[in-house]
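Enquirer: Protein chains in written order, with numbering that gives the first Met the number 0: chain L, 0 to 166; chain U, 0 to 156.
What the hints contain is simulated information worked out from the structure, not anything from laboratory work. Every residue, glycine too, gets a C-beta built ideally from N, C-alpha and C. Treat each hint with caution, since some may be false.
Stated by the list, open to error - Here are the simulated distance ranges between beta carbons:
hint, chain 1, residue 1, chain 2, residue 2, range
1, L, T93, U, Y62, 49 to 57 Å
2, L, I96, U, T86, 51 to 59 Å
3, L, K28, U, E99, 25 to 33 Å
4, L, E154, U, L88, 38 to 46 Å
5, U, G110, L, G34, 45 to 53 Å
6, U, E64, L, F17, 25 to 33 Å
7, U, R36, L, Y26, 31 to 39 Å
8, U, V144, L, N92, 51 to 59 Å
9, L, P11, U, S23, 54 to 62 Å
10, U, L21, L, P112, 42 to 50 Å
11, L, K28, U, L88, 21 to 29 Å
12, U, P100, L, W147, 50 to 58 Å
Stated by the list, open to error - Partial list, computed: chain L residues near chain U (C-beta under 10 Å):
hint, residue
13, A37
14, G38
15, E46
16, V137
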Amino acid sequence: MSANIKSFPGTPLSQADFDAGKVLTTYWKPKLEYGWDAGVAISRYLEELKNGRIIGVKCRSCRRVVVPPRVVCEWCWEPMDEWVYLEDTGTVNTFSICYIRWDASRAKEPQIPAVIYIDGASDAGFLHLLDEVKPEDVKVGMKVQAVWKPAEEREGSITDIRYFRPL
Amino acid sequence: MPLIERIQALRDAKVWYDNMPLESEYTAGIAGEKFLRAIKDRGVILGTVCPTCGLTYVPPSMYCERCFAELEEWVEVPSRGEVYTYTILTRSLEDKPLDEPQVLALIEMEGVHGGLVHKLAAAKLDEVEVGMEVEAVFKPEQERVGSILDIEYFKPV
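In isolation and in its complexed conformation, chain U is listed as follows (with noise of 0.2 Å):
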């Protein structure tokens, strides 16, 4: 047998194939688990204050980014905010095109240092521009587990 032997289509060698076995189950953390249940049960998004700073972090955070203070202070912030970015999707997940492309942007609240990323719902891609103002669409009570989907998306005010 050969040393040097070229092989050009994987199956010419000797390939085990397999799967690794993996599962996770993550929690949301003190915040986190805040923040959504208030989505779930009171349809409405929360962030935390740093009163030395004088930001209002959303998603809300246990900790001020810049002072390291522990934020004690909670607040409900708007559901409507604006585009801060956004981006188009043409293709899923799996690498497989989307019947409709799909509009994710990252929505800045007033007042709000940070945002959300969230689907866009716009009737017509080329009205999609940055700085529009949009509101958040929640699915009703009974339907909302506590995801950050229960907020169905954002829609164009």
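With the rest of the complex left out, here is chain L (with noise of 0.2 Å):
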């Protein structure tokens, strides 16, 4: 019901008043390094990715192939140790049109990002984005492409791909 409140207590301060050295502040600025294990399906799978490949992992009862990878087929319990290359195309399973960026900046042309499943898994994919495709064509169902980044830059991470592209 904040909509009926007219006036909220505190102080109000702008940009202006902060710039203009109305207040006392302490700025600061931590460094806040970290190293996050991948652990070891995901470490494979990121390795994979620097190589310019999508690798997926099968269950040795039930038989999907799942990406990303893990260890343990989450509906039989099993271990998932078949280790699979995939395609580096797939099929828009879902998509968003986002005019906001992560750090909540607006964005003048929009970000797409998409749930794509990859060819040779058994729907299974990753979330990615989606470029050289209007936002009003895009389509669940739609055919695309991976379009990586040159050899040298990959990293071993999801970005190595830079988009996905409409076949």
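Hints in hand, dock the two standalone chains.
Expert: So, in structure tokens, the structure goes:
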């Protein structure tokens, strides 16, 4: 019901007030470095992305192929340790058209994140960006192709794929 | 590839190294602003008084901790006080050894509920003791910026 509150308690300050030094402030930029262990399955997945390949893993029991890979099948509780190289093409399962970036800043040109089911996997895929396509032309079921960074720029990250574009 | 793999060094696992981008700019608040401005402009330490509880808060607070009354009365407190407690630091915030040990103390001024935590400059470490009288040494006016560090340190009287 904040629409009914006409004046909020507190001391309103604008960016101009800060710039003019109207109030005393303490600035801090901490060094927050981390090393995040990707784990057995994702480590392999990232390594293969650096090589320019998408790899998935197959369950011993139900024979599903999933990507990104994991070490245990969440359906059967059986180990998933049969590695399978997949295509770098796929199908758009769902998508979004975003005019707000990750840091809440506005974008003139929208970003189009999409879940792309990878060819060779059993209805499995990952989130990435679509590009070289107009927002109004994006359709669920659209066939897309990965656009990779050149080998020397790849660092073992999902961003080694720049985006997916329509086939 | 076996399921169970014993990785003993973090580098053998695929590790993603990165940095979390974070910046902050903190304001002092209404009471804090007045407190710091008094240190900067006048070289004095201010406190707020609760008439009901008879307590003088340093650092000054807008509300009484005990009865929640809004505190309107501001007073100047002495810049000298007693060491309530202290600690001796031998390493920096980055965990590097300090060239000289640094003494930090909570200094309680007379009649004040609370006090200020600050550096203590003592000629000899073994002369620091609870209850010793110390006095604030302010930086020259032109060097003061409106920070608690405008008080350079407290030194024994």
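Enquirer: Please go over all the hints and tell whether each is borne out by the structure.
Expert: Taking the hints in turn, this is what the structure says about them:
Distance hint for T93 of chain L and Y62 of chain U: a CB-CB separation of about 51 Å, consistent with the stated range 49 to 57 Å. A hinted range of 51 to 59 Å holds for the C-beta pair I96 of chain L and T86 of chain U, which are about 57 Å apart. Taking 25 to 33 Å as the suggested C-beta distance range, the pair K28 of chain L and E99 of chain U conforms, at roughly 27 Å. For E154 of chain L and L88 of chain U, the Cβ-Cβ distance of about 40 Å falls inside the hinted range of 38 to 46 Å, so the restraint holds.
Restraint check, G110 of chain U to G34 of chain L: a C-beta distance of roughly 52 Å satisfies the suggested window 45 to 53 Å. For the hinted restraint 25 to 33 Å between E64 of chain U and F17 of chain L, the CB-CB distance of approximately 30 Å keeps it satisfied. Checked against the given bound of 31 to 39 Å, the beta carbons of R36 of chain U and Y26 of chain L, roughly 18 Å apart, lie outside it. Separated by about 56 Å at the C-beta atoms, V144 of chain U and N92 of chain L satisfy the suggested range of 51 to 59 Å.
Here the CB-CB span from P11 of chain L to S23 of chain U is close to 19 Å, at odds with the stated 54 to 62 Å. Range check, L21 of chain U to P112 of chain L: about 24 Å between beta-carbon atoms, so the 42 to 50 Å window is missed. Here the CB-CB span from K28 of chain L to L88 of chain U is close to 23 Å, well matched to the stated 21 to 29 Å. About 56 Å separates the C-beta atoms of P100 of chain U and W147 of chain L, a value consistent with the hinted range of 50 to 58 Å.
The interface hint given for A37 of chain L holds, since its Cβ lies 4 Å from the closest Cβ of chain U, which is under the 10 Å cut-off. A distance limit of 10 Å between C-beta atoms decides the matter here; for G38 of chain L the minimum to chain U is near 7 Å, and the interface restraint holds. Restraint check, E46 of chain L versus chain U: the minimum CB separation of about 6 Å is within 10 Å; hint holds. A cut of 10 Å between beta carbons decides the hint on V137 of chain L: the least distance to chain U is about 30 Å, and the hint is violated.
Checked against the numbered hints above, the structure violates hints 7, 9, 10 and 16; every other hint is satisfied.
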